[in-house]
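There are 2 protein chains.
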Amino acid sequence: MNFCNKIIASKSQYAEIADHKCHCIKGHTGKCNEFPFLEHLKATAPSVANKIKRDATMTTGAAWKSEDAGPNRILRWVMMLDDDELLKYGLDMSKLKPGVIAKLREKAADYDSCILVAAKLTWLVYQMENAPTPPQDIKFYLEDLFGEMKPGSTLCVICRLPLNFKLFELAARGKAAIETCHKNPRMHNADNVGFGHRECNIAQGNKSLDEFYSWIEGIIERVNSKS
Amino acid sequence: MNFCNKIIASKSQYAEIADHKCHCIKGHTGKCNEFPFLEHLKATAPSVANKIKRDATMTTGAAWKSEDAGPNRILRWVMMLDDDELLKYGLDMSKLKPGVIAKLREKAADYDSCILVAAKLTWLVYQMENAPTPPQDIKFYLEDLFGEMKPGSTLCVICRLPLNFKLFELAARGKAAIETCHKNPRMHNADNVGFGHRECNIAQGNKSLDEFYSWIEGIIERVNSKS
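The listed protein sequences derive, respectively, from chains A and B.
Take the first sequence: its position 137, counted from the start at 1, is 121 in the numbering used here, and no numbers get skipped.
Take the second sequence: its position 67, counted from the start at 1, is 51 in the numbering used here, and no numbers get skipped.
Everything labelled a hint here was simulated from the structure, so no lab data went into it.
Quick caveat: nothing in here was measured; it's all calculated off a predicted structure.
Possibly wrong hints are sitting among the right ones.
Repeated chains share a single entry, so a pair holds when one copy, or any two copies, can fit it.
Claimed, not checked - No more than 30 Å apart at the CA atoms, straight line, and that leaves these computed lysine-lysine pairs for BS3-like: (1) Lys(-10) <-> Lys210; (2) Lys167 <-> Lys191; (3) Lys81 <-> Lys35; (4) Lys150 <-> Lys72; (5) Lys134 <-> Lys79; (6) Lys72 <-> Lys167; (7) Lys191 <-> Lys150; (8) Lys87 <-> Lys(-10); (9) Lys37 <-> Lys150; (10) Lys191 <-> Lys210.
Could you put the whole structure together from the sequences, leaning on the hints where they help?
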């Protein structure tokens, strides 16, 4: 698919780092739109649309507030700048702890990758159990990018059980029951991104998927050999 | 083993709920002591001794601070009182959310059980890899209660791998790498208590051990059947 790619005016202080572009199909009629594929979810499930946009384009927030915890959320492509350039935006990386720096840098991704991640997540959401049905134009758009959509076929990246769209609504203290996940290795691009149950994501922790599967396989072997 | 069981004077506001008693062997010489089995760890690894005492006798703290989050930590046997009695101690259960109440009540345990839990945890700690060697009198005391001690034989309750005493030192933001765990069902008594890796405890989450093993077994089956 060829995108329109016209530059969309932005007042963001970070606009000079990466232009915001139109991702309607080239030659489209009507207004330019950075996230045309999210328009239907924006109307039917705005919190899900916001989550997709946020997870696709922003780093995750610091788990606690303190001087050295780093920014709560920042555009992923801003984190591709080097330390000197970041200083111009008021972010002094030298004040952060090595672990925080590594975490922020790991989440860096270029603008185009982030847009495709958002589209891929949208494609996955529409294939969850109990998901709304996409309008034909959005279905066509997403299938052109990522292939045919099969209702109910989106699995948790980690436990491989079907994900239910209704889990987006179950939130405990701001924590959704479905989280955006990265497969192994943890790079932020459309191939590598998916959704997982929150409990699965927590269980996986810092392990890669392969490490996680080996780990739990070892547990099962020890448990079965003893009892 | 028969304990001395003499009452030890206490200034705690909760002393009238349960007497603090001496758990030296009956007929002992020297001063009475509520936790005689912890004396050696108190000298060689005070933070571990404190952790054992705390986890054995106190409820865990609320994860966040707010009016309805409940007390940060409270003696487990205090949580056995009914709501009216708790009100006398300034704890208004009716102000707490049902989930918080359930969590607090689940952690209730009588004084004698808590003491035996502390002794059992001490017995387990001495059998961890790289643990200090207990003096003969404490070894005798603990073996009389729970059986022969085999150095290096204490396993993580969850993943069944040996636990290393040195993991007590690895703490990230106050979180020890070894946590006190309860087997299935989650009752606070000497039979049911053990240690686990923090990452294992997190992975287990709210599941019972049986549920956890079934869950990860299902994951392994799905992963293996697909690849």
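Inset, instruction - Up to 30 Å between alpha-carbons, please classify Lys191 paired with Lys210: within, between, both or neither. - result: Both ways: Lys191 and Lys210 sit 26 Å apart in one copy and 21 Å across, limit 30 Å.
Inset, instruction - Could you figure out if Lys134 and Lys79 sit no more than 30 Å apart (CA to CA) within one copy, between two copies, both or neither? - result: neither (48 Å within a copy, 48 Å between copies)
Legend entry - Identical-chain pair category, Lys(-10) with Lys210, by Cα at 30 Å: Neither way: Lys(-10) and Lys210 sit 64 Å apart in one copy and 42 Å across, limit 30 Å.
Inset, instruction - If the cutoff is 30 Å on CA atoms, where do Lys81 and Lys35 land: within, between, both or neither? Let me know, please. - result: both (28 Å within a copy, 28 Å between copies)
Inset, instruction - Check Lys72 against Lys167 for me: Cα-Cα at most 30 Å, and say if that holds within a copy, between copies, both or neither. - result: Answer is neither: 33 Å inside a copy and 53 Å across each miss the 30 Å cutoff.
Inset, instruction - At 30 Å max between alpha carbons, let me know whether Lys191 reaches Lys150 within a copy, between copies, both or neither. - result: both (27 Å within a copy, 22 Å between copies)
Legend entry - Copy assignment of Lys87 with Lys(-10), given that the CA separation must stay at most 30 Å: This pair counts as neither: shortest intra-copy Cα distance 33 Å, inter-copy 55 Å.
Inset, instruction - Up to 30 Å between alpha-carbons, please classify Lys150 paired with Lys72: within, between, both or neither. - result: neither (42 Å within a copy, 44 Å between copies)
Inset, instruction - Have a look at Lys37 and Lys150 and pick one of within, between, both or neither, based on CA distance no larger than 30 Å. - result: Classified as within: same-chain Cα gap 19 Å, cross-chain 43 Å, threshold 30 Å.
Inset, instruction - If the cutoff is 30 Å on CA atoms, where do Lys167 and Lys191 land: within, between, both or neither? Let me know, please. - result: both (10 Å within a copy, 24 Å between copies)
Checked against the numbered hints above, the structure breaks hints 1, 4, 5, 6 and 8 and satisfies the rest.
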